[in-house]
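Protein chains in written order, with the numbering used here: chain V, 1 to 184; chain A, 1 to 184; chain H, 1 to 184; chain L, 1 to 184; chain Y, 1 to 184; chain Z, 1 to 184; chain C, 1 to 184; chain P, 1 to 184.
There may be inaccurate statements among the hints.
In silico PhoX-like cross-links for lysine-lysine, where the CA-CA straight-line distance does not exceed 20 Å [unchecked claim]:
(1) H:Lys102 / Y:Lys102
(2) P:Lys102 / Y:Lys102
(3) A:Lys102 / Y:Lys151
(4) L:Lys102 / V:Lys102
(5) H:Lys102 / P:Lys151
(6) P:Lys151 / A:Lys102
(7) V:Lys102 / Z:Lys102
(8) H:Lys151 / A:Lys102
(9) L:Lys102 / Z:Lys102
(10) V:Lys102 / C:Lys151
(11) C:Lys151 / Z:Lys102
(12) L:Lys102 / C:Lys102
Quick caveat, the hints were computed from the structure, so don't treat them as lab data.
Note that this is a predicted model, so its numbers are computed, not measured.
8 protein chains.
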Amino acid sequence: MTTASTPESAPGAARVGIVMGSDSDWPVMRQAAEALTEFGVPFEADVVSAHRMPHEMIEYGSRAAGRGLQVIIAGAGGAAHLPGMLASVTPLPVIGVPVPLKHLDGLDSLLSIVQMPAGVPVATVAVGNARNAGLLAVRILAATDTALRAKMAAFQESLREQAYAKGERLRAEAAALGAVSGDA
Amino acid sequence: MTTASTPESAPGAARVGIVMGSDSDWPVMRQAAEALTEFGVPFEADVVSAHRMPHEMIEYGSRAAGRGLQVIIAGAGGAAHLPGMLASVTPLPVIGVPVPLKHLDGLDSLLSIVQMPAGVPVATVAVGNARNAGLLAVRILAATDTALRAKMAAFQESLREQAYAKGERLRAEAAALGAVSGDA
Amino acid sequence: MTTASTPESAPGAARVGIVMGSDSDWPVMRQAAEALTEFGVPFEADVVSAHRMPHEMIEYGSRAAGRGLQVIIAGAGGAAHLPGMLASVTPLPVIGVPVPLKHLDGLDSLLSIVQMPAGVPVATVAVGNARNAGLLAVRILAATDTALRAKMAAFQESLREQAYAKGERLRAEAAALGAVSGDA
Amino acid sequence: MTTASTPESAPGAARVGIVMGSDSDWPVMRQAAEALTEFGVPFEADVVSAHRMPHEMIEYGSRAAGRGLQVIIAGAGGAAHLPGMLASVTPLPVIGVPVPLKHLDGLDSLLSIVQMPAGVPVATVAVGNARNAGLLAVRILAATDTALRAKMAAFQESLREQAYAKGERLRAEAAALGAVSGDA
Amino acid sequence: MTTASTPESAPGAARVGIVMGSDSDWPVMRQAAEALTEFGVPFEADVVSAHRMPHEMIEYGSRAAGRGLQVIIAGAGGAAHLPGMLASVTPLPVIGVPVPLKHLDGLDSLLSIVQMPAGVPVATVAVGNARNAGLLAVRILAATDTALRAKMAAFQESLREQAYAKGERLRAEAAALGAVSGDA
Amino acid sequence: MTTASTPESAPGAARVGIVMGSDSDWPVMRQAAEALTEFGVPFEADVVSAHRMPHEMIEYGSRAAGRGLQVIIAGAGGAAHLPGMLASVTPLPVIGVPVPLKHLDGLDSLLSIVQMPAGVPVATVAVGNARNAGLLAVRILAATDTALRAKMAAFQESLREQAYAKGERLRAEAAALGAVSGDA
Amino acid sequence: MTTASTPESAPGAARVGIVMGSDSDWPVMRQAAEALTEFGVPFEADVVSAHRMPHEMIEYGSRAAGRGLQVIIAGAGGAAHLPGMLASVTPLPVIGVPVPLKHLDGLDSLLSIVQMPAGVPVATVAVGNARNAGLLAVRILAATDTALRAKMAAFQESLREQAYAKGERLRAEAAALGAVSGDA
Amino acid sequence: MTTASTPESAPGAARVGIVMGSDSDWPVMRQAAEALTEFGVPFEADVVSAHRMPHEMIEYGSRAAGRGLQVIIAGAGGAAHLPGMLASVTPLPVIGVPVPLKHLDGLDSLLSIVQMPAGVPVATVAVGNARNAGLLAVRILAATDTALRAKMAAFQESLREQAYAKGERLRAEAAALGAVSGDA
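Pulled out of the complex, with its shape left as it was, chain V reads as follows (with noise of 0.2 Å):
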């Protein structure tokens, strides 16, 4: 791989586009911007609805790649067809988050976004996961970026330590109920 070879993105230009339906998946997705600012990633998010705007969003889908973007994540509910749809028509990764809906828990959302058709995949996450988009746009930049897989690889480690914090909480906890000290 060569430098040459390496698509231009602007210093401070949006690395990462986050779109969804309607500003009501704003609460969900909002994790998925929080993960990208935490790396360090620049990104933009918009309100792209496949079906109130459908035009706008394959013009979206089109442009992104050449605006400088190198992945996209879309959120969306129900007949989930935004991230199938931008996947589409760009070269780009695209991140599906299954939104949940008032019904039906997401399976409706999950399977609408993931069960692409051979051609044209969809890096799904789980129902309402927002923030592992973000982490998975990270991962995917940190591909062939070794400071942002330094990165990802610290902030792994951290999420180990916190997993030590909750494990001393949770002995004192269990040590009320008469837990016999794992050292033991």
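Place chains A, H, L, Y, Z, C and P on chain V using the hints.
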């Protein structure tokens, strides 16, 4: 993003690792290999079982980035733990392929792979759709590789042309049923 | 409703467009064509893939009403986006046929088609039941067409007669098992 | 299609009948009425229970076309038989709204409505989405009504504008999280 | 309960009506007939389609009690409306048999039959298990018929004996695998 | 059917036994008791747990017919074994009520009750619908009891009248939304 | 089985290890601890996350038997990998508790735990039912421990007595509704 | 744990009882027997049907511990009551195997077995996976048996070796597709 920050990948060395719990998954998973071959992306393939060789599985994931891999594709069925466990020990993007088993039509495989907790994402594709896993790996690598991205765009164009050809055949068949020409 | 307000439909021109993502859906979708043929409703049929030719799909939907189509029937499987996307770019009624794929028995197709957000309805029929899509198109056209409605009423009468004939055969078979005559 | 063949619909008379099994379904089903009101389509609404007044239900369906109705919208929950039974006694298009009950999240309602046998279609919309039933009725009437179709096109344009407005609000919120402007 | 209050049932006249939507359901439903034959309960069998002959279906249910039937067994698949509709027009107990169709494995049939609203029960048996519908009809008639109840008790005893015989065969097979005798 | 063959049921003695695994099921199951009370059918109610008092459960079922019971109604949740186990030790008709628990919305309860093997039927009603279990017991007893059947017919008539009254209220509400009178 | 072959378990040392992915699972999992406490079985409890501290998780499982543990109870939700991964690195019996998360009602957790491939079993209990995990651990230890087995038998007797007491309360409540005494 | 407290198990007497509702379950359940044979654990196998021989089933469970059994493995399908009913009458650990029937793919069997109420656990394994039931029985017995535990550890090691061998074959096949050697 500077050149210096790009992880080293020796010429000809595998950029994608395709792993699965058993060689019985190969008829499904080889479609990922074929997709990578079409795009000229070097890969390796191996049996890495989360449940039968857990230590080696952890080892595989832990060493993957250091060995020059940039993406991991993991296929598994039933209580499918391989993609998620690999994701927990590598900073690389991990793509999970739910392999359908004899019962439950892959729904167990899908949920076991996609429903990862916050912090450790797996990029999940459709049940049994390893081809899309391969294509997603290409998109991920192409996120920062102009030449590969152009190939993906050309591939997408070829999908369109195949669909056109299918349409031509279909219109002929439908005409036999009395269908009016779409141009009328 | 005045004559003036009736959209022009050239004699012999297609009133219904039957579209699907691939010609592999034809064995299912041709049943819609056959139903329309039985009622003398002119139709066209084509491959219009949401994921492989998204621009043409949008174009197809956007131009459908102007070309004289009055109803669209769209069949799709898995993450089935075609019916909903067409509905988003046409004011015509769109009928969706969930095509069952190899896994999940069409449940993914059904949910992907029927669970449309408020604003953009798709008239969904049973999994794999393209014949009913054709019949629904006839009912829609017959809503304002006395002659077609009379044909539909006659068709429903013929269903009754077929059921009678089946009953006769069944009573004979049941008598062999010792069933009492229903007239007794 | 000649003027003569257009079924007579007295000025001001209901063109759409909205029926449901109980007045407890009204909070869901009134959204269909509201949609029709927005488009100026005259409708009637009533309780017609398949299970509590089956004879009257059959009567309602049998007489609907003769009374000048052109579309029927039927909402029901659980073992939801109303839409399908009405469809069996009328040549009119019948739209089914799966009303979610306390348990099973409307999945029972959806399957009971959509899985109709060949010969008798019901145009099914999303669980609890009576607004889309109203909009689908408008599309059906607009299939042969230029003026109504223009209203539907204008409505779809308004959806787009609402989506734009939502996007504006979202971009502002996202900027507070550090999002880059999409224009950058 | 006095003798006078017992509904008249002419000798040899059908006490159970077995109905189904199509003769294609007969291979499943004949098992109900066979069970009734084993117990010497006179029955009739017919095609009564809720969707193809709704008026006759209502008529069948409305007249059933007057004709001397005491139990109705109704089989149906998909959006299975026959059992519930019959229950709405007769005071007789109605037994519903969910007939599995090609897709969804009978789950749609089951939910369409069992999830009846308060007021109108259907006694539902397992998917495809028409034999149990026949046996349930016998139990219902035996609730007030000592002789029939004795036959049912004897039948249950025979089930036990069959199970014993199966056990004997199994122990022999297991011994070949090295199983210890259960008496040891 | 002769008088002699009618099982003796002492005046005032319980004809229906309502049992459940725990008194926590009573809020659901009391609706069965209320239905029986409305029809003047004497009943008993008790806790009979398949899992916590299996010997007594078997005893209860084995003695039920001899004690004069004619129908058993059994409610249970989760791995709901009570209805099926009782059915295996009594020749009486057993009605099963799937009680929904905290998770899975009663789907586990429903399948555990309805999917009985050939030979031992359970008459299953809707999830949580104990009222229908009571009404089904009345229909079963009324199968051979003219007076009770007349009461059931009158009850069904009252359902119709309630539905009418609901319709009246609904039409008034709908008129406020601009609905046309159905008589127009 | 000789004494010599019995694994050493230091007096007072933990015989059961209760682990979970996060301290947020403790409200569910503490019920396992309480059950063990009731039976006087020494236990330890800790956070051991398959995804956040995979190396330590493998270490925990690998060392469990050597440290004197005889049973492991592992709770996890969503893509629940902890029980299965521990089972792959220990010869001890591992009990899995599917912890329900916000969406999908624990169905994902259940399938991710129970559907283990041949070779590596996990003893799975009901969704959210950690108390049963504790009781199962007691039964496992009691398989070769006469004293503990006697305690379990006594516990089962106490369940019966509690059910009796519940029955007494229920009969009183039912009598208020007019229920006949079961002894009548 | 003292020697005195170890339940007596006569040399050669069955330690594990494998039971099932019908000999038609034997092709599935014999895999449990084979696993036990591999580990030299004496077992018995029999038909014990919860629904066809309930009294004998209760008897079997009640006497199991006294006869020297230490673990029970019970397989059942559909409304699978055998494992849970046995667990209610024995203090022994009971392992449940959900046997898949013709419809619903074993989901009914799984839920009927695993969703046991608090107080009476069943150790559930994967749908149709009787081999794992046998291996789980071995782990349970090995919890207090050093020699058996060593065999289990050796067995797990052999799984690893088989996985290696599969990997070798897979790498050869993949090389034919152009895969890079993993060592590269």
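Verification of the hints:
1. H:Lys102 / Y:Lys102: Since the Cα atoms of lysine 102 (chain H) and lysine 102 (chain Y) sit roughly 13 Å apart, the hinted pair holds (cutoff 20 Å).
2. P:Lys102 / Y:Lys102: holds, 13 Å
3. A:Lys102 / Y:Lys151: violated, 41 Å
4. L:Lys102 / V:Lys102: holds, 13 Å
5. H:Lys102 / P:Lys151: Cα-Cα ~41 Å, so violated.
6. P:Lys151 / A:Lys102: violated, 30 Å
7. V:Lys102 / Z:Lys102: Distance of about 18 Å is within 20 Å: holds.
8. H:Lys151 / A:Lys102: violated, 47 Å
9. L:Lys102 / Z:Lys102: holds, 13 Å
10. V:Lys102 / C:Lys151: violated, 47 Å
11. C:Lys151 / Z:Lys102: violated, 30 Å
12. L:Lys102 / C:Lys102: Holds, at about 18 Å.
Violated hints, listed in ascending order, are 3, 5, 6, 8, 10, 11; each of the other numbered hints is respected by the structure.
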